[in-house]
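A.B. asks: Residue-level listing of the chains:
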Amino acid sequence: MTLSSPEETASRVAGGPDEHAPGADLLRLEGIGVRLGGRQVLSDVTFSLGKGEFTGIIGPNGAGKTTLLRVILGLIEPSGGRVLVNGEPLHNKNKAAIGYVPQKLVIDPDMPLRARDVVSLGLDGHKLGFGFPSRQRRELVDAALADVGAAAYADARVGELSGGEQQRVLVAHALISRPKLLLLDEPLANLDLRSEQEIVAVLGKLAREHDIAVLLSAHDMNPLLGVMDRIVYVANGHAASGPTDEVVTSEGLTRLYGHHVDVVRVHGRVLVVAGE
Amino acid sequence: MFSPLMMNTWITASIVAVIAGIVGFFAVLRGSTFAAHAIPNGAFAGAAGASLLGINVIWGLAVFAVAGALGIGVLGAESRGRKARHDVVTALALVVMLGLGALFVSISTQYAEETYALLFGEVFGVSSAEVLPILGLGIAAAIAIAVAFRPLMLTSALPEVAEARGVSTRRAELYFLIVMALATSMTVPVVGALLMFSLMIGPAAAARSVTARPGTALALSVVIAVVTVWLSIALSYQTNWPLGFFVGTIGAGFYLVGQAARAVTPRRAAVS
Amino acid sequence: MHFLFEPGLFSSGPVRTALIVGAVVAVTSGVIGVFTVLRGQSFAGHALADVATTGGSGAFLIGLNQFWGFLAVGVAAAALMEAIGVQRRRGRDVATGVVLGAALGAAALFLYLGTLKTATTGASFTVLFGSIFVISPDTVPALVASGVIALLVVAVLSRVLLLTSVSPDLARARGVHVRLVGIGYLAALAVSVSLASVAIGAVLSTALLIGPSATALRVTKSPVRAMAASALTGLVATWLGIVLAYDSYYWPPHGHGWPVSFFVVALVLVGYLLSYIRPRGKRVPRSPHQEEQECGPATGGPETSLGATAHV
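Chains as they are written, first to last, in my numbering: chain Y, 1 to 276; chain P, 1 to 272; chain A, 1 to 312.
It is worth saying that the hints were derived from the structure and are not from the lab.
Here the structure is a predicted model, which is why all the values come from computation and not from measurement.
Beta carbons: idealized from backbone N, C-alpha and C, even for Gly.
Some hints here could point you the wrong way.
Calculated from the model, a selection of chain P residues having no Cβ within reach of chain Y, i.e. all distances over 12 Å [stated by the list, open to error]:
id, residue
1, 178
2, 211
3, 237
Derived, one-sided and incomplete: chain P residues facing chain A with beta-carbon distance under 7 Å [stated by the list, open to error]:
id, residue
4, 33
5, 34
6, 88
7, 91
8, 96
9, 98
10, 103
11, 106
12, 116
13, 120
14, 198
15, 205
16, 245
Given these sequences and hints, build the entire structure.
C.D. replies: Right, dumping it as structure tokens:
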């Protein structure tokens, strides 16, 4: 487990099953710090991930998970450190490798957009003009929808879909541009248990079968225990990253939080309990 | 009804309806209904001011409408959590422009009929000199929308993704408001400032109730707007009643039909 | 000061009437407007005013005093709005807009028919833009009384109203009859809109409703102080507007005068813009947590809670 500092990371780079050589990194954050509203929200966050890896950014609400995601997307300038995609700093060319899945669509039930229209926007929604429908476009959209198991409601009004169904459509939207990394902002936040399990399964499958790296934020790690390869635990303005079992321990989290924290494992579930 | 004198009206009204249908589709999509109500009032002020100064009304319309759009877009920029401020600025912009219009109209001499015509529409509101500028504005507005079609759709439905891809939602909103201003400025002489809103919103709302396909909804918006305007002209011509009355009422009628259709079609049962 | 108070200002009967009615209008709109802005109902408030136009023109058509027309339709529309109740925001806006359009269309018709019937012109102008200088003195008591009643209703309801504006669920949990409070508020709103319509016209009444209150809310977060500040701002704008309108008879074009409503609206705008000039250090630093929280979906529409602070 690393409680991030570039020197410590560098010294462990060569060995250890949980660090890969820098060159293989798809995404790498080194010493990222963020200042918002005069306050240091995040300090010295370092982690990396490679192809096909499933990583969860876990932490309590307000810890800075969304902030971290926004830094990766290039929407927030970090006050320190750097973000490397495929070894290079973030710029427009390599941003295309990241597919962003927002938490929800801004829609009302009457909006004239079908699921396939939303996915189609993923191909070229940022370009000018309007795309002419073509057989190729239609096939790409159908394939993306099939990959997430949403083919059944491709032609349904997107505003009428349930939370879980919309989520899948949003994933398909990000998927269609063939990203190397899928970035999801609190995808499990408003879902019922079954939808939660389904979307996790979809994401796990994408990571395994399509070799797409998945990075998502959540405040509860339990739904993800089965698929997560590594965890980035964010609390108290700092982050610890590594395999789940190494990071999520009473000692480790106590160090992170700065006050006593107990980690309890019961029936395969992990509970983080604030101590006295 | 189809005399050469009326031809101006038929032609202009058709152009106006097409543009209203297109712009209205996006206004409803983006939830810009309040702005759609406010910006035409700027056009009213501009028209009154222009006629006071004796310059071509269309330019007055365009300038004021665009100024109003800029005011709303810049001052009331809708950042996260600021819907209230956006509404307040829109409301203030609306009344200020109407107030200016009232001033201009009261200073000029023909104020009674002119107020009425500018606000509620007038069948004979278009002179031959105005047809060409209106056509020009219409084409400009159509091209402006076509060019920005995809970014407008993206920023409406997925603003965060748009930002991540480098498409500024703020700029998209400003762009759209200005296009709306241009579209409005050409329609006010025929339909009237207060009723332009109905022509933009009613048909678009009706269209999207009927179909989920964006392309179809857009086309249907245009068709319904054109039918509304044609019916209104015909009825206004026959009864001498104000054009705006028919636009408002028929627009509302189509909207209700759309709502009824929606209530009747079986909605997709949410499975999971 | 002579240039401001032109000869004959204070001895003029219509001016005195205007000042009295103006005061009632400004204070009523200013106070009720604070709640309108807090509830995020600027569009609904404006729609109500425009719908009231139909009432005013209808009254004109059948030869009744416009105030009663504004009031009758205003109250009916307010009741309807409350009955329709909570719906998703965008659908509601569109529906409001469509009704608004139909109402304005009807107003157009009434004005036209009325003009035919009475062979007078200029009715459009007064219904839309007010007629504060031509209010007959015998309607003044009715106007003042309505204003006072509306203010009393709001005063009695003020604490509950605040609670329901900020969090209807919390209010319900405390046993407050949210629906009833909403109706009371909307009725008071209808009255204030009608009064303002008589003074500066239906379509412009929103200026006195939204402007001073938005200005006041930018300057203070205390509702009570906001109501006071709002009423004061509205009053200043209205009285100054009346004075300037009187003076404008001496401005070009001579003998004609500029409309009161224009001055009032312009002054309200000036007031609002002035509130953007803040002394340094007044800005409350927002925690990044707040920033993260606001990342979520846009705050709700007309009937949903706006959250603890309204950003205006």
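A.B. asks: Hints first: check each against the structure and report whether it holds.
C.D. replies: Status of the hints after comparison with the structure:
1. Remark: the non-interface label on residue 178 (chain P) is consistent with the geometry, its nearest Cβ contact in chain Y lying 16 Å away (cut-off 12 Å).
2. Residue-level check failed: residue 211 (chain P) sits 6 Å from the nearest beta carbon of chain Y, not beyond 12 Å.
3. Annotated as non-interface, residue 237 (chain P) keeps its C-beta farther than 12 Å from every C-beta of chain Y; the closest such distance is 34 Å.
4. With 7 Å as the threshold, the beta carbon of residue 33 (chain P) comes within range of chain A, its nearest partner Cβ sitting at about 4 Å, so the hint holds.
5. Hint status for residue 34 (chain P) relative to chain A: holds, with the closest Cβ pair at about 5 Å, below 7 Å.
6. With a least beta-carbon distance of about 4 Å to chain A, the hint placing residue 88 (chain P) at the interface is held under the 7 Å criterion.
7. With its C-beta approaching chain A no nearer than about 5 Å, residue 91 (chain P) sits inside the 7 Å limit, and its interface hint holds.
8. Against a cut-off of 7 Å between C-beta atoms, the interface hint on residue 96 (chain P) holds, since the closest Cβ of chain A lies about 5 Å away.
9. Interface restraint check for residue 98 (chain P): the shortest CB-CB distance to chain A comes to about 6 Å, inside 7 Å, so the restraint holds.
10. Hint status for residue 103 (chain P): holds, given a least beta-carbon distance of 4 Å to chain A, under 7 Å.
11. Of the supplied interface hints, the one on residue 106 (chain P) holds, with its beta-carbon coming within about 5 Å of a beta-carbon of chain A, less than 7 Å.
12. A least Cβ separation of about 5 Å between residue 116 (chain P) and chain A falls short of the 7 Å threshold, and the interface hint therefore holds.
13. This hint holds: residue 120 (chain P) has a C-beta 4 Å from the nearest C-beta of chain A, less than the 7 Å allowed.
14. Contact between residue 198 (chain P) and chain A, as hinted, is supported at the beta carbon level, the nearest pair being about 3 Å apart and thus within 7 Å.
15. Because the beta carbon of residue 205 (chain P) sits about 5 Å from the nearest beta carbon in chain A, less than 7 Å, this interface hint is met.
16. Contact between residue 245 (chain P) and chain A, as hinted, is supported at the beta carbon level, the nearest pair being about 4 Å apart and thus within 7 Å.
In the structure shown, a violation is registered for the earlier hint numbered 2 alone.
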